[in-house]
Amino acid sequence: METIQNYMTTEHKSCDSTYAHFEESILDDDLNGTKEYGKKFSDEMGIHLKREEEVLFPAFEEVSGGQMGPTQVMRMEHTQIREMLKKIEELANSGITKESKKKLIGLLETLMILMQQHNMKEEQILYPMADRALQANCENIITSMKQIQHV
Amino acid sequence: MDMSGLSLDQAPPYNSVQRFFITAPIFSMLVSLVIAFNGEHIFFSFINIRLIGIIHWMTLGFITMSMMGAVMQMLPVLAGVKIKNPVFFSTVIHSSLSVGALLFGASYIFQMKQWLIFAGILITISMSLFSVQILYRLAILKNKSHTISAMQMSIASLTVVLCLGFYMLLWHLNVIKGAGIDIHSVHYFWAFTGWVGILIMGVSFQVIPMFYVSPEYPQLFRKNVPALIFILLILYAIMTFLPLFEINDLFLINENVYIRKAIRITIYFLFALFSIITIKQIQRRKRKLPDPALLFWYTSMIVLFLSTTLATTAEFYRGGYFIKIILLTGITFLFGFIFSVINGMLYKIVPFLSWFHLASKGIFDVPTMKDMLDDVRIKIQFIFHLLFLLSLPYYLFYPHAGHLVSGTLLFISSFLLWLNLYTVIRKYSRINNKYLLNKAKPAAT
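Chains A and B are the protein sequences, given in the same order. When you line the first sequence up against our numbering, it's residues 1 to 151, in that order. When you line the second sequence up against our numbering, it's residues 1001 to 1445, in that order.
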């Protein structure tokens, strides 16, 4: 049986892989690659965050007693991730100069650490808790999440 | 559903963790001064009192100091647990460890035996508060990753190291009689490979695949190796303490030396394996972003491989350079493997936490990690660190000429490390103060 932890961790890994391509394109001054992988990452990440916010978190909040628990912190971090990603996209799409590249590398590195510490919390704590709390309902939740295909 | 005690917040507060990181390089600076000014005769025997002094400044002052800060920081992220009263807790363990480590090293280096007991008490307060609190928090967790299990074994090892250390302290002070067995090697072995080695392994399992987008470490290795090392360390202690138990088993008595040797070699092999796997994982990373912290990771793993290979060779060597070779193994493990990896780790933790705490306040346009600290400054510090490591064999075999070179290089490297971390913290403080001032303005008007 597929668990929330496995399903969502695989999504994290897929996002990470696209992110690495996005970074590489910027480093190589590859404008087409930057645009392609930038959009791909933004879409993948957007869908992943939407799946959590619209399906997983509400289901978890229902059994754990409200929005003030761990999901609240996760939602706040999602906002931080979106804000940083927006900055990166704006800078990358406005044409990469030597100066903007340096700024971009700083933003990319910071976003990476931000995302990873966020993922760690989810993979180590939140997803296992959700699997335990939602038990039989897990499969339905995963199916509902899979149905979200657009940001 | 019970969620008491669960927190996914980025606790603890900024100052309560950063104080550990900014204090650590001060101790390696102190070590460098001893080596530069009085280092000719330190590396001649295992029981040189100055050697005991500088090793403890490194292990307690630099390593344990930064490891405690890192564990406190990682706990909410990896385990979702928050330390109660973090400011008070961190103030007590940080100040008692700082003063305790300082006095402990100084008592040996300047031969002030009367301070030793105070130092021992302060270190015990710090370590036992830390170990009990963290072990308890980890014990009640339902879901334990390989990293959390490694952390548990590592902190349990710290407790063993502390107990043995305190016993030896009382023995050195003639309060109790010596047991006539080789407790020193058990103490050092548990400290280097148990407390520090297992923790570095566990943390690597988590951070290398995540931060560098590389494949996971092999499941077999993650699941078994830290536990195997821990079991081997228990066996090693039992074999060392065997004469105390009055056991009449002839095999165990006669073969004790060889069993202990086999245990040591197995542990060296496991660490060598860890270094090779880690280098491979880093090489297979998908992220190509230039990262000077990787220079420290590579150095650390290469030296770990060399150090464990040398240690294995030394197990079969009984020539004139035996003591020098053993000492070289120890200091390369300490400065090359442990010191390097912590140094690299600090360059990730300190700038990220500074960025994170500012960004979480909603401050607009916070400098990124790389704006907080330029890569060039990290690379310059790395060059001095590498030169220091390269100077170590020369220092050991030609101490009269080498001590000044190694001491100076370690001082420059440690000072630059401190300065780099201080620069980040100062940037944080400036932006934070400005933010607090702006926040207070509307209230005042």
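Mixed in with the good hints, there may be bad ones.
Stretch by stretch, here's where chain B covers chain A in the computed footprint (C-beta under 8 Å, at least three residues) [unchecked claim]:
| hint | stretch |
| --- | --- |
| 1 | 16 to 26 |
| 2 | 44 to 53 |
30 Å max Cα-Cα, derived BS3-like pairs, lysine-lysine [as the list claims (entries may be wrong)]:
| hint | chain 1 | residue 1 | chain 2 | residue 2 |
| --- | --- | --- | --- | --- |
| 3 | B | Lys1280 | B | Lys1361 |
| 4 | B | Lys1142 | A | Lys86 |
| 5 | B | Lys1113 | A | Lys86 |
| 6 | A | Lys103 | B | Lys1144 |
| 7 | A | Lys50 | B | Lys1361 |
| 8 | B | Lys1261 | B | Lys1142 |
| 9 | A | Lys50 | B | Lys1142 |
| 10 | B | Lys1142 | B | Lys1348 |
| 11 | B | Lys1177 | B | Lys1223 |
| 12 | A | Lys101 | A | Lys146 |
| 13 | B | Lys1144 | B | Lys1427 |
| 14 | B | Lys1288 | A | Lys35 |
| 15 | A | Lys87 | B | Lys1144 |
| 16 | B | Lys1434 | A | Lys40 |
| 17 | B | Lys1441 | A | Lys87 |
| 18 | A | Lys146 | A | Lys103 |
| 19 | B | Lys1361 | A | Lys87 |
| 20 | B | Lys1324 | A | Lys102 |
| 21 | B | Lys1441 | A | Lys13 |
| 22 | B | Lys1144 | A | Lys102 |
| 23 | B | Lys1379 | B | Lys1082 |
| 24 | B | Lys1142 | A | Lys102 |
| 25 | B | Lys1379 | A | Lys103 |
| 26 | A | Lys101 | A | Lys13 |
| 27 | A | Lys13 | B | Lys1434 |
| 28 | B | Lys1348 | A | Lys101 |
| 29 | B | Lys1348 | B | Lys1361 |
| 30 | B | Lys1427 | B | Lys1379 |
| 31 | B | Lys1177 | B | Lys1113 |
| 32 | A | Lys50 | A | Lys98 |
| 33 | A | Lys86 | B | Lys1286 |
| 34 | B | Lys1223 | A | Lys102 |
| 35 | A | Lys146 | B | Lys1142 |
| 36 | A | Lys98 | A | Lys146 |
| 37 | B | Lys1142 | A | Lys101 |
| 38 | B | Lys1427 | A | Lys39 |
| 39 | A | Lys102 | B | Lys1082 |
No wet-lab data here; the hints were simulated from the structure. The beta-carbon is built from N, C-alpha and C at its ideal position, and this holds for glycine as well.
**Request:** Run the structure past the numbered hints and jot down the numbers of the failing ones, going up.
**Result:** 2, 3, 4, 5, 6, 8, 11, 12, 13, 15, 16, 18, 20, 21, 22, 23, 24, 27, 32, 34, 36, 37, 38, 39
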